[in-house]
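Here the protein sequences line up with chains A and B, keeping their order.
Here the first sequence is numbered in our numbering, starting from 1 and rising by one per residue.
Here the second sequence is numbered in our numbering, starting from 1 and rising by one per residue.
One or more hints might be untrue.
[To be verified] In silico contact screen, one side only, chain A against chain B (beta carbon under 10 Å); selected entries: (1) Val13; (2) Phe15; (3) Pro24; (4) Leu36; (5) Leu78; (6) Tyr101; (7) Ala137; (8) Gly151; (9) Ala164; (10) Gly169; (11) Leu175.
Honestly, the hints are just simulated from the structure, not real lab data.
These figures come from a predicted structure and were not determined experimentally.
Quick reminder that beta carbons are idealized off the backbone N, C-alpha and C, glycines included.
2 protein chains.
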Amino acid sequence: MAEQDKLRDAELVVFQFPLWWYGPPAILKGRFDRVLVSGYAFGLVDPATGRVRKFGDGGLAGRRALAVVTAGDRPGALGERGISGHIEDVLWPMLRGTFHYTGMAPLRPHLLTSVHHWQPGRFEEEVDCLVSRVHGAADEEPIRFRTLAGGDYGDDYALRPDVAPGVSGNAAHRLDGDLPHDLRHADHEEHEASTERARNRDVTEIMRPRFEH
Amino acid sequence: MAEQDKLRDAELVVFQFPLWWYGPPAILKGRFDRVLVSGYAFGLVDPATGRVRKFGDGGLAGRRALAVVTAGDRPGALGERGISGHIEDVLWPMLRGTFHYTGMAPLRPHLLTSVHHWQPGRFEEEVDCLVSRVHGAADEEPIRFRTLAGGDYGDDYALRPDVAPGVSGNAAHRLDGDLPHDLRHADHEEHEASTERARNRDVTEIMRPRFEH
């Protein structure tokens with residue numbers, strides 16, 4: 001299929017969509033349902049181990065995937081403690097369940113908020129930011145989800161008891177643990193002191209310093 | 001619209017679907033996109049407060065919603081520390097972002113796993129369980145998400161600093177905090193001692209004692 005060949009040839013796959021009911025519109029979801037079929041994107045067995053290749057490996061291994069998301073929500077609603085859930089938790093089915101599941105390296109989502117209230121000039125600024133981001137995507141650090149092959153999961157596909165003991169929720173499956181700190185609310189000095197946190201921060205924010213306040 | 005009238009008349013709405021790419025198939029997602037439009041399901045203002053009615057209130061307030069989900073995954077993969085994420089985190093866009101957002105009370109999902117490997121007789125057993133569950137749905141305790149009107153969120157739609165301080169991720173938005181304990185892996189005595197935990201447990205499991213081992 002042509003769509004499958006396009007993905008096969010890609011180094012970076014960008015999915016741009018508006019957030020509808022906290023996920024992609026049905027037409028994009030249907031694209032996943034139809035294009036990412038068994039034997040192509042998943043359901044492949046590693047002949048060396050006899051194990052199914054998924055979660056960090058799969059038919060699309062070697063590619064990077066970027067979700068570019070426009071939302072009517074204000075920034076705080078999709079931030080670290082936002083009422084809608086953090087954007088990386090909202091997009092868990094895509095980032096973990098689709099990108100990472102098929103072997104693609106999930107980049108941090110490129111989130112654009114309050115899109116119904118942008119001032120004149122904002123659109124052009126955001127286009128520049130997005131173009132820069134895509135150009136630099138090959139050098140980004142993807143989200144570091146735990147992989148199936150990494151040995152952190154037992155035969156029941158649950159985390160082994162000695163891995164991140166006592167931790168539950170999506171954070172347990174990130175090697176970085178907690179969600180990236182929301183720079184908008186960060187204390188600057190504290191932020192500067194924390195290289196770990198800085199490494200995990202939302203790249204969208206890094207590239208839009210004029211909106212950090 | 002006929003679909004909107006059906007929802008308006010319902011006390012309990014059941015959405016049954018297979019888990020595809022960690023969410024509903026596109027045809028169901030498209031039903032949400034088309035039926036749950038602004039001015040009907042959301043975007044309604046409370047004349048008393050002038051605030052938008054959402055997250056615990058909205059156009060579908062007073063109804064209960066139940067997701068019945070069939071999955072190829074084994075039970076552990078969608079459990080408390082499962083590789084796919086807990087089913088309530090996987091379904092966050094539906095439970096929190098659709099049901100609760102429009103005012104419907106989200107019941108705990110009715111999850112059926114390993115469906116490609118059911119033994120003879122299992123299907124009939126599960127039908128009985130599901131029928132019982134639906135009949136008792138009016139008496140269930142729904143998922144206790146924090147509401148917008150409850151005052152836990154600031155004007156930026158993030159949790160106020162004094163609410164669940166230091167907690168992030170989806171758990172911060174549940175009044176019950178952590179995800180329901182996975183009974184399959186629970187120590188029986190510990191379980192018996194914990195009424196709080198028991199109250200939060202997966203109702204599917206409660207109704208299928210024969211599969212708890």
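Status of the hint placing A/Leu175 at chain B (closest C-beta pair under 10 Å): violated (14 Å)
Double-check A/Leu36 for me: the hint is only fine if its C-beta lies closer than 10 Å to a C-beta in chain B. holds (7 Å)
Status of the hint placing A/Tyr101 at chain B (closest C-beta pair under 10 Å): Where the cut-off is 10 Å and the nearest Cβ of chain B is about 8 Å from A/Tyr101, the hint holds.
Less than 10 Å between beta-carbons is the criterion; does A/Phe15 satisfy it with respect to chain B? violated (12 Å)
Hint status (Cβ of A/Pro24 to nearest Cβ of chain B, threshold 10 Å): holds (8 Å)
For the restraint on A/Ala137, tell me whether the closest CB of chain B is nearer than 10 Å. Not OK, violated: A/Ala137 not within 10 Å of chain B, min 22 Å.
Given A/Gly169 as an interface hint, is the shortest Cβ-Cβ distance to chain B below 10 Å? holds (5 Å)
The hint names A/Leu78 as touching chain B; please verify it with the least Cβ-Cβ distance against 10 Å. holds (9 Å)
Minimum Cβ distance from A/Ala164 to chain B below 10 Å? holds (8 Å)
So, A/Gly151 near chain B? Judge it on the closest CB pair being under 10 Å. violated (12 Å)
Can A/Val13 be said to touch chain B, with a Cβ gap under 10 Å? violated (15 Å)
Going through the hint list in order, the structure does not satisfy hints 1, 2, 7, 8 and 11.
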